[in-house]
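K.L.:
Keeping their order, the protein sequence lines are chains P and D. Note that the working numbering has the first sequence beginning at 23, numbered continuously upward. Note that the working numbering has the second sequence beginning at 20, numbered continuously upward.
Source of the hints: derived by calculation from the structure; they are not laboratory data. Heads up, some of the hints might be wrong.
To be verified - Under the rule of at most 30 Å between Cα atoms (straight-line distance), these lysine-lysine pairs were calculated in the DSS-like manner:
#	chain 1	residue 1	chain 2	residue 2
1	D	Lys40	D	Lys25
2	P	Lys32	D	Lys40
3	D	Lys146	P	Lys32
4	P	Lys32	D	Lys37
5	P	Lys32	D	Lys25
6	D	Lys142	D	Lys68
7	D	Lys124	P	Lys32
To be verified - Okay, the calculated beta carbon distance ranges per label pair:
#	chain 1	residue 1	chain 2	residue 2	range
8	D	Asn131	P	Leu42	51 to 57 Å
9	D	Asn120	P	Val43	45 to 51 Å
10	D	Lys37	P	Phe51	33 to 39 Å
11	P	Leu42	D	Gly108	44 to 50 Å
12	P	Gln33	D	Leu127	32 to 38 Å
13	P	Leu42	D	Asn41	39 to 45 Å
14	P	Val43	D	Asp165	54 to 60 Å
15	P	Leu42	D	Glu71	30 to 36 Å
16	D	Lys40	P	Arg55	41 to 47 Å
Bear in mind the structure is a predicted one, so any value in this text is a computation, not a measurement. Beta carbons: idealized from backbone N, C-alpha and C, even for Gly.
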Amino acid sequence: MAEIRIEQRKQIWPWVIAGLVIVALLVFFLVLRNNGGKTAEVTAEVAESSYITDTNEPDLSGVKENNGTIAAYVNFVEDSRGKMGLDHAYTNEALLKLIEATNAKANEVGYEIRADIEKVKEYAEMITIDPYETTHANNIRKASDILTNVLENIQLARYPGLTAEVDELKSASASINPEVLTLKQKGAVKNYFDKASDLLQKMN
Amino acid sequence: MTDTNKNLFNLDELSGYKVAKNYVDVRGWEVKDANDRTIGRVDHLLVNKIAERVVYLDVEVDESLIEDGHNTYQASAGKGVHEFLNQEGENHLIIPIGMANIDEKNKLVTTNRIDSSTFAKIKRFKKGDILDFEYELDVVRNYKGDDTIHSSNDVKGFYDREEFENTFHKRDSK
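Assemble the whole structure, with the sequences as input and the hints as a guide.
P.N.:
Given below as structure tokens:
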């Protein structure tokens with residue numbers, strides 16, 4: 023007398039599917055988390071590179087944009103090229119116009135330089151407080167260094183063809199001796215404004 | 020025997036079922052009658068899903084037995100006692116599980132209640148044919164030699180008969 027019982031097979035598919043779902047979820051979350059981290063890093067890198075050297079942007083050297091603020095600075099410097107007299111009022115005005123022109127160019131290409139501009143404006147302000155202050159050259163130099171740095175960043179990012187002009191501007195900025203009275207180095211200060219004007223004109 | 024009364028299912032067609040743990044799967048095993056004569060080989064296990072157990076062994080009949088069936092029929096045709104005339108290709112028959120013994124050691128199924136002459140007289144079917152309850156009843160009545168068993172045409176209670184008896188012939192757990 024025999025008996026053979028049967029039983030339901032243990033269903034493997036639900037377990038297989040559950041396993042696949044778990045693996046898929048794990049992969050999804052791990053990849054998502056990694057991508058999130060990478061995205062943050064990439065964003066930071068992009069932000070940094072945008073500020074310093076965004077070489078993916080096209081060279082805008084040949085593009086004539088005719089920014090009025092830049093034109094105002096360039097014209098101001100051009101008008102004073104023949105004049106040998108240099109006073110603090112001129113320096114202050116030239117510096118303020120250069121600040122505005124640099125700010126306008128930065129805005130044009132999408133760079134945030136508000137902090138630098140605020141600082142440079144403070145230096146420009148100091149120049150006008152006491153015409154006989156001996157630290158003016160020091161303030162002019164600090165302002166010129168900051169503006170040069172901003173213009174260099176813009177050049178590296180958008181105007182790779184203007185390296186020589188930026189080098190000349192850096193050199194002109196370095197020629198302003200913070201230890202020497204401004205009135206005794208009019209040429210260096212004027213030269214700096216001229217070089218900045220040349221650069222901005224080519225960028226404009 | 021193509022009625023759709025599905026009391027029985029071939030275990031192979033029930034993909035969600037298998038022979039339970041601690042029970043032997045006798046498919047492929049040789050089947051011998053009461054006289055130790057080979058009847059055939061177990062081809063399928065026919066199960067009743069509600070009872071969750073095998074109720075028949077579907078046996079592919081040995082050629083020699085089929086020959087004997089023909090001879091038996093021809094010899095006795097004049098007497099007109101045979102109920103069935105098996106057609107060519109009809110080489111399967113069923114054995115109620117309670118009428119079989121399992122010799123696990125020799126991988127053999129035996130039945131000491133049915134002999135080859137009984138088998139030869141049983142109406143056979145072709146592999147894959149659907150078996151209706153009328154056929155089941157005829158087969159069991161033939162094996163038992165009693166036309167009166169289970170007077171109802173309803174399958175209810177049929178598998179509780181001794182021919183399908185539940186003796187818990189279980190394999191030892193290993």
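K.L.:
Are the hints correct? Go through all of them and say.
P.N.:
Comparing the hints with the structure gives:
Between Lys40/D and Lys25/D the CA atoms are separated by roughly 25 Å; this keeps the pair inside 30 Å, and the hint holds. For the hint linking Lys32/P to Lys40/D, the alpha-carbon distance of about 12 Å falls within 30 Å, and the restraint holds. The straight-line distance between the Cα atoms of Lys146/D and Lys32/P is roughly 29 Å, inside the 30 Å bound, and the hint therefore holds. Taken as a hint, the Lys32/P and Lys37/D pair is honoured in the structure, with Cα atoms around 10 Å apart against an allowance of 30 Å.
Straight-line distance between C-alpha atoms of Lys32/P and Lys25/D comes to about 24 Å, which keeps the hinted pair within the 30 Å bound. A distance of roughly 25 Å separates the Cα atoms of Lys142/D and Lys68/D; the hinted pair therefore holds under the 30 Å criterion. About 28 Å separates the Cα atoms of Lys124/D and Lys32/P, which keeps this hinted pair within 30 Å; it holds. Separation of Asn131/D from Leu42/P is about 53 Å and conforms to the stated range, judged on CB atoms against 51 to 57 Å.
At about 49 Å, the CB distance of Asn120/D to Val43/P agrees with the hint of 45 to 51 Å. For the pair Lys37/D and Phe51/P, the supplied restraint of 33 to 39 Å holds, since their beta-carbon distance comes to about 38 Å. As the Cβ distance of Leu42/P to Gly108/D is approximately 46 Å, the hint placing it in 44 to 50 Å holds. Hint check: Gln33/P to Leu127/D, Cβ distance near 34 Å, so the stated range 32 to 38 Å holds.
Hint check: Leu42/P to Asn41/D, Cβ distance near 33 Å, so the stated range 39 to 45 Å is violated. Between Val43/P and Asp165/D the CB atoms are about 59 Å apart, so this pair conforms to the stated range of 54 to 60 Å. Between Leu42/P and Glu71/D, the C-beta spacing of about 31 Å keeps the proposed range 30 to 36 Å intact. As the Cβ distance of Lys40/D to Arg55/P is approximately 44 Å, the hint placing it in 41 to 47 Å holds.
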